[in-house]
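Given the coordinates of chain E, assemble chain U onto it according to the supplied hints.
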Amino acid sequence: MELLLAIVIGGLYAAAIYSLLRRSIVKLVIGLILLGHATNLLIFTAGGLTRARPPIVAEGALALTPPYADPLPQALILTAIVISFGVVAFTLVLVKRAYKTVGTEDLDDMRGTDR
Amino acid sequence: MGLAATIFSGFLLAILAPFLHRLLRGKTGWVFALLPLAIAIYLAGFHREVRAGEALRAAYEWVPTLGIRLSFYLDGLSLLFALLISGIGALVLIYAGGYLHGHAQLGRFYSYILMFMASMLGVVLADNLLALFIFWELTSLSSYLLIGFNHEKEDSRSAALQALLITGGGGLALLAGIILLGSVGGSYEISALANADGVIREHPLYLPALLLFLLGAFTKSAQAPFHFWLPGAMAAPTPVSAYLHSATMVKAGVYLLARMNPILGGSAEWHYLVTLAGAATMLIGALLALPQTDLKRLLAYSTVSALGILVLLLGIGTAEAAKAAMVFLVVHSLYKGSLFMMAGAVDHETGTRDVQSLGGLVKIMPVTALAAGLAALSMTGFPPLLGFIGKELIYEAKLQAPTAAPLILGIGVIANIINVTVAAIVGIRPFVGDKRATPRKPHEAPLSLWLGPLTMAAAGLLLGLFPGLIANSLVSPAIQAIRAEEIVLKLKLWHGLNFVLLLSVFTVLAGIALFFARNFFRRLAGRAQGLSFLTPSVWYQKGLDGLMGFARAQTRLLQNGYLRYYLLTIFLATMLLVFFKLVLPPGWQSLEKFAVARYYEIGLGVAMLLAALVALFSRSRLTAAIALGVIGYGVAVIFVFYGAPDLAITQILIETLSVILFVLVVYHLPAFNRLSGSRSRLRDALVALLFGGMMSALVLKATNLQLHPTISGYFAENSLSLAHGRNVVNVILVDFRALDTLGEITVLAVAAVGVFALLKLKLK
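For the record, the sequence lines run as chains E and U. The letter at position 68 of the first sequence is residue 68 when you use the numbering used here, and the numbering goes up by one with no holes. Position in the second sequence counted from 1, then plus 1000, gives you the numbering used here.
These are computed hints drawn from the structure, not numbers from a lab. Bear in mind that the values here come from a model prediction, so they are computed numbers and not experimental data. It is possible that part of the hints are untrue.
Said to hold, decoys possible - Simulated coverage check for chain E against chain U, where a stretch passes if three residues somewhere in it have a Cβ under 8 angstroms from a Cβ of chain U: (1) 19-33; (2) 68-82; (3) 90-100.
Just so it is clear, CB atoms sit at the ideal spot from N, CA and C, and this is done for glycine as well.
Just chain E, same shape as in the assembly (with noise of 0.2 angstroms):
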């Protein structure tokens, strides 16, 4: 599963580089939506993969029972997917402002305007 898990997460990471190296504004943020599926998958398997024992303490127990998947990725990822939508439905707003603005959605064409 691991060797699975790997080639997912490495043709994520390759569609996400490709995407954000497009001139399409759009493109852009369809890479950082990949970018973020792909890191947040790869800290859950870099963790190691626990097949069907979420960390939840049982009724009458004190403390978890090995073995449990590691809690610790988990509370990493929970945060980063908050956050990777924090900087997408920014990006997406920003983007629409831009091309209002600028008129174009050509990265290329929008250098222009900070100089």
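The following block gives chain U in isolation, referenced to the frame of chain E:
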């Protein structure tokens, strides 16, 4: 306490100066002069203790972990310099009030010059080398501000920058030297290092440390080939030239050499390098002075020459030389400060500094003429002025130099002959002969303008007649600090009829002869203009231009304004760096150890990869949004499979929101167009695939590499008992790492404000 107060009172007054100046108006200079005067009197009060060898100390911890202490001590050398700094400082403050009378930024000027004075006192009183370095750089900084005081002028700005780059660059070399010396000697305290000198000179790092120290001292004291910043610094108002660029700041390098002599001196390297630099500077400064016609430039080049003499004497390193150096230090500060102030007064009254258009001023400006004449006589080394004693001692020291004495003496005589001529051109020529038309109708300078030069010139005469006043109280303790041995000094005018006296007479006569032949040499120098490509100032300009050109070129290359090239640079650099981390540490696990993927998991993975391809290449915006949704939900399903229900719930919620938002926004944007050519698509695809492959390899390597012990066990153990929560992920977020979650919420809030602002923003 007192020592620190002498320094920090100056800084305090510097801060208050602009405000006080508004209250005091024309009297500011006179009032401010009380501070350096008080400092001078306070410090002079310690001369008995200092002479008895009891150094006065004060120390405060500053950055103890780095060995930086604000430690000060007052010994003979410090006292001599500190008295020159504060004494001349008082006169300069009065002088500046007259010279810049009515200038709109006079308050600021006082602020800068007081900051300089305080920093310079810090340099000569500091015991800790790092504290010395900080004060040292502060003097460079205040010199920069003062040279560029007339900041509307292009010349002033570039001269200020030149001085800053050279002295500041030398300062950095000094810092490196200090750190080397600190690591060799085990302390940054000068007084501690002086006790461990044998170890330092034997150490392999001695030579690098010495070279760095010398670089710092030579740049500051305008030694060849760094001498050219000093004439450039004449763009400063004259009080600055008199104070910083003749009497005090440029002597900081000399001070450093004298101070470090017991620690770094005495070796063959020291002897040859310092002697060579000093002798070369002495000659070059004198030769360059001769063809000048501007009063300040004449004085600037002769200052370079004088600094060369001081450095040369410290290089020779005998007791005689140290004696000559300390006496000449006083001599030069007095006459040169006086001549500079006189030049400023003449400039102020007549409107010109060109010696060719000045003459006969003695009748109009008798007091200024008196000061100029006395100072010039001291500069020529005429008895009974202090300059005479200084020159005798210098000749004596050169005569007894351990190596190449005839050569050093020969160069010294040439330099001194020219200095006699310069003294005559500057101090005598403008006042005698016929009156000439000047831009302004001249008057006698006001009291504030002649008090300083006359005081200093008179001091030169007084001390020449009664050298005993300073011989044993000031000069011999200073020599003692350089030589680290007991010195009894007898200064007197008459040494009997000997070779040195004959040399002095010859020097003065030859100087007067040269004075009358000066126009011939001026023409000769005019013809040598073609050789100007040899001068270091041209190298400096070329170096600076080259640096600027390089900066522009690399900015054009790296800051090209294309987002995708920035990203490409980042990706390639990341790949390069990660590649080493992937290859270097061992630990590739065989693939059999991995859990076998189930068929529906394989189906999910394939679906996600296909969706990624669709998101990339679909021409329809809606299809791309759906593909992104597929990937997002796919991630959520993976979370479900591997025991992360919280992540799955969050992911599904967020993904839904994201897709909706995406569709809403993209609806307003144009359809996808093919903007890039096939070649760049191919290049990007290659980079993307390489990066993806690297990340795959990283995942495989990371899954079986445990670099640090996991801390998850702590959360698993204590989630229920300490935080009373069964869902460990939630407990981490809201309890163990609650502050991080607060940060996350803040980020979201900021993003929300940003989104709101962008939506509501009404642009014209």
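Index of numbered hints that the structure contradicts, given in increasing order: none
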